[in-house]
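Engineer: Position chain B against the provided structure of chain A, taking the given hints into account.
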Amino acid sequence: MKITVTMPELKKGMTSAVLCRWNVEEGQQVKKGFELFETETEKAVSAVEAEQDLTVLRLLADEGDEVAVGAPLFEAETAE
Amino acid sequence: MKDLTKKPDWLRVSYNMSEVRSVYDLADRLELNTVCRESGCPNIGKCSKCGSATFMILGKRCTRNCRFCEVDPGVPAPPDPDEPRRLSEAVKTLGLSHAVVTSVTRDDLQGGGASVFADCVRAIKETTGATVEVLIPDLKGDEKALDTVIAANPEVIGHNVETVRRLYPAARPQAVYERSLAVLKYLKEHSRGSFVKTAFMVGLGETEEEVKELIRDVRATGCDLLTLGQYLAPTAEHLPVAEYVTPEKFEEYKDCALSLGFLSVTAHPLARSSYMAGDMLREAVQKRNETL
Chain A
254 MKITVTMPEL KKGMTSAVLC RWNVEEGQQV KKGFELFETE TEKAVSAVEA
304 EQDLTVLRLL ADEGDEVAVG APLFEAETAE
Chain B
296 MKDLTKKPDW LRVSYNMSEV RSVYDLADRL ELNTVCRESG CPNIGKCSKC
346 GSATFMILGK RCTRNCRFCE VDPGVPAPPD PDEPRRLSEA VKTLGLSHAV
396 VTSVTRDDLQ GGGASVFADC VRAIKETTGA TVEVLIPDLK GDEKALDTVI
446 AANPEVIGHN VETVRRLYPA ARPQAVYERS LAVLKYLKEH SRGSFVKTAF
496 MVGLGETEEE VKELIRDVRA TGCDLLTLGQ YLAPTAEHLP VAEYVTPEKF
546 EEYKDCALSL GFLSVTAHPL ARSSYMAGDM LREAVQKRNE TL
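First to last, the sequence lines map onto chains A and B. Note that the numbering used here gives residue 317 to position 64 of the first sequence, counting from 1, and the numbers run on in steps of one. Note that the numbering used here gives residue 576 to position 281 of the second sequence, counting from 1, and the numbers run on in steps of one.
Next comes chain A alone, as it looks inside the complex:
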């Protein structure tokens, strides 16, 4: 199933976050728990894990971009 992963709300009141780093590239298969990307909030650098096994299809944001909560980050294919 094709899914679009969006910027999560990592803390109360967060409206956007800077995408600091991609830890994946297009075409890469990852297991649940793999740290996909890193963002920075006021308090910490936060790595966001894959919620399920997936294959990254297309990255939709660049490192350094400020991405709004809910805005698309990447498309992926999952088994379910």
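Read the hints as simulated data drawn from the structure, not as lab findings. Model, not experiment: these values are computed from the prediction. Please note that the accuracy of each hint is not assured.
Derived DSSO-like pairs (lysine-lysine); straight-line CA-CA distance at most 27 Å [to be verified]:
1) B:LYS341 - A:LYS284
2) B:LYS344 - A:LYS255
3) B:LYS480 - B:LYS420
Rough simulated footprint, nothing fancy, chain A against chain B, three-plus residues with beta-carbon under 8 Å [to be verified]:
4) 301–308
5) 324–336
6) 436–449
Yeah, the Cβ is synthetic: ideal placement off N, Cα and C, and Gly gets one too.
Structural biologist: Okay, now just chain B, sitting in the frame of chain A:
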């Protein structure tokens, strides 16, 4: 001038959003607040991985306005008499072996909400097998209110001193350093076997000597357990971070505290009041048993 715009490597956390949402959803369903969410705790990812959360009772608006805290100040709603039952249901559902319960400060209530803390402790103990830790405000030093909490007999009673004496006016303008120490002393002298715990932050501009003075002052109250962590500013409107304290310095503070006789000390940049709370209780119980 130190560059504080770049986070040091040790302030890195990870999130699995499905695990975080699972805890949030339970709290929402039971109409409960967690300090994890309301204070923007950076450990949400780690704690939700263990299915753990620290619940915040008595609403989510605080009658004080501490300049380091992300919990919203304002006029709180009246206490909800059903909250202890729902809280115990959450503890049961999550299968917590150690439940940590804190609150906003309720200076508007007689006794500061102590009776609600007591009701929550009893509800959890009656319906689950969990040990209970309460993290209470200073309750204005009201001994009757403190007795109410003590009588519920939680395994741990905590009250946070938060920072060194000199920074109270800037960080905790409605609190009093000596009063917080007096609360810890009273808890230690009157509790019926409960461990007494406190926590504070570093990185607000205190000196090393002030930190060590604080550790000595807290230990002099008889306090058993200590947690210290890095202050992280919630927003640009809060007090700024003055310094990122290194993990090595945290180890030094931990050694200092242990040498003074604390039963358990957690000192880590990401440590918060309830961080690894169950482990700290187990260590304290073990050490107390060894000395009996």
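Engineer: State for each hint whether it applies.
Structural biologist: Here is how each hint holds up against the structure:
1. B:LYS341 - A:LYS284: Holds - the C-alpha atoms of LYS284 (chain A) and LYS341 (chain B) are around 18 Å apart, at most 27 Å.
2. B:LYS344 - A:LYS255: Holds: LYS344 (chain B) and LYS255 (chain A) sit about 26 Å apart, inside 27 Å.
3. B:LYS480 - B:LYS420: holds (25 Å)
4. 301–308: holds (count 4)
5. 324–336: holds (count 3)
6. 436–449: Violated, because only 0 residues of the region 436–449 of chain B bring their Cβ atoms closer than 8 Å to Cβ atoms of chain A.
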